[in-house]
Amino acid sequence: MDSDREYRGHQDPRPGFGEPAPARGQLPLPGFGGPPPGDGRVPLPGFGGPPPGDGRVPLPDFGGPADGPAPTRHDGVRRVRRMSNWTLAALIVGTGATTVALAHHAFPAAATTAGTSSTAVGTGAGAVTNGAVTNGAAGPQVTHSVATTSGSGVTVTTTTHTVNGKTVVSHVRHVKPYHDS
Amino acid sequence: MTMTMTRSVPELTAAAPWRRIATGDRVVAVAERAALGTSARLAVWPPENLDRALAAVDDVLDMLDRQASRFRPDSELSWLHRGGGGRYLLSNGFAEAVSVALAAAQWTGGRTDPTVGDALIALGYDRDFAAIDPQRREPPGPPAPAPGWQLVRLDGPILHLPPGVRLDLGATAKGLGSDRAARAALAAGGNCGGVLVSLGGDIATGGTPPRDGWPILVADGPDPAGSAPPQRVRLPSGAVATSSITCRQWRRAGRVLHHIVDPRTGRPADGPWQTVSVAAATCADANAAATAAVVAGDRAEEWLASAGLPARLVSRDAAVRYVGGWPGEDGGRIDVPSGTHVYSGARPGGTR
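Residue numbers (the working numbering), protein chains in the order written: chain A, 227 to 407; chain B, 1241 to 1592.
Everything labelled a hint here was simulated from the structure, so no lab data went into it.
Note that beta-carbon positions come from the ideal geometry of N, C-alpha and C, so glycine has one too.
Check the hints yourself; a few may be wrong.
[What the hints assert, rightly or not] Stretch by stretch, here's where chain A covers chain B in the computed footprint (C-beta under 8 Å, at least three residues):
1. 1260-1271
2. 1433-1441
3. 1444-1456
4. 1477-1484
[What the hints assert, rightly or not] To give an idea of the chain B side of the interface with chain A (calculated C-beta under 10 Å), a few residues:
5. Ala1459
6. Gly1461
7. Pro1470
8. Arg1472
9. Val1473
10. Gln1514
11. Thr1515
12. Ser1517
All chains should be built: construct the whole structure from the sequences, respecting the hints.
See the structure below:
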């Protein structure tokens, strides 16, 4: 992992010490290294099955190949219109559900706590968000501090426990014996 | 003129393991480990992105340590110090680190200066901080004012370092690392959700923040008796960093010393502020501004106001001052100005 990138220098004062630090090469980012989908097509709901052997694709309400006369062009247009109506209906329902979900997450933030190093919030485990997050433009509701900005070396340890049904979050400041590297 | 070397150097240290932190919110995954002489913390949502984000942050921290550590004999910084001055062809990452340090020095009017390496050594900060004898009896060496960042030139990846000049990138390296790590962690999650990275309290964010911003605790020194009370703030975007003289202290001949050096004197900064927190668009900006404010002393508020940066200053008697729109109330939101002084001033491809 260290040899795929070149470092150059013309200062080599001591044998064996002229090498700069090795570096990692360009690695594919996780999530970007997988193979592309085969042909880019995504099956529509209800249309994902393999086509029948004769290559014809069954449409909703029409089942398999009919025994009667072949459908006319007018019939085909009607089928397309019917599909469009179903698609429109599905879009309306989906949009409505998304709106409700976003509105559910749009409640005002919980009041922040006073300047103490220990806070009591919620009513036990039920008050803690259940892990569901929105993946849209807005982030999740986060009520507890996730990090501390302070002088280097000062660390605030956050612990969470339940007392009398309430979730108590404590912040304890201390200097950790981390070593400089 | 130059020679090419591709031989790898064996790893000298292994990364400390991450441990999960329970903050009380399960919508955000938080983990922490020791790194760069302090602690690294990562918060990410959605939580399922954590593992990939941790791996990305590990790579960034490992790279930064190999580039800029004063205490690793195999770092690029140690390598060029052994050369005793001259011209060096740097890796792209280290060239960026030096360029950011030089840009910060220019922006802060020399209140941060990467040429304070010898000053720190003269004060006794010449080894792993945990290895420093906190009660050494002999006095520190004579103060060594910084030679001056203007003596250092960076032409693209080529560094011109005068003989006898030792660099220390402490005023910007952690901020740069947080910025890099936040970008990498966000990319590792497919640029979905949001991330927060803290290196020793220097915090960068990326992606979509939690509603109302990332909740962050702003703390002063490790001793509550001589410190201002912690403050909760919310950071919708950008970064926040803190510099303080209350930590990384040691004694020489009965005299208390700390690691924030005034480049003009080579002595520890002795202004009225013990801790300064600054919010900015990037963590490198915030990191440099916080250190510069501690060094600026009486002129810190004026300089921060001119820079247009929200800041919280804690005096040596634990009185708190807010400037530039930093919220005075607990839980207040910090809106950082857009734009970066440090990265826009850093021109890896140009001359500095």
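Cross-check of the supplied hints:
1. 1260-1271: That given contact holds, which follows from 9 residues of the region 1260-1271 of chain B lying within Cβ reach (below 8 Å) of chain A.
2. 1433-1441: holds (count 6)
3. 1444-1456: As far as the region 1444-1456 of chain B goes, the hint holds, because 8 residues have Cβ atoms under 8 Å from chain A.
4. 1477-1484: holds (count 5)
5. Ala1459: Hint holds; alanine 1459 of chain B Cβ to chain A Cβ min 4 Å, cut 10 Å.
6. Gly1461: Result: holds, 7 Å to nearest chain A Cβ.
7. Pro1470: Proline 1470 of chain B check passes; min Cβ-Cβ to chain A is 6 Å, inside 10 Å.
8. Arg1472: Cβ of arginine 1472 of chain B sits 6 Å from chain A, so the hint holds.
9. Val1473: 9 Å, holds
10. Gln1514: At about 9 Å, which falls below the 10 Å cut-off, the nearest Cβ of chain A leaves the hint on glutamine 1514 of chain B intact, so it holds.
11. Thr1515: 6 Å, holds
12. Ser1517: 6 Å, holds
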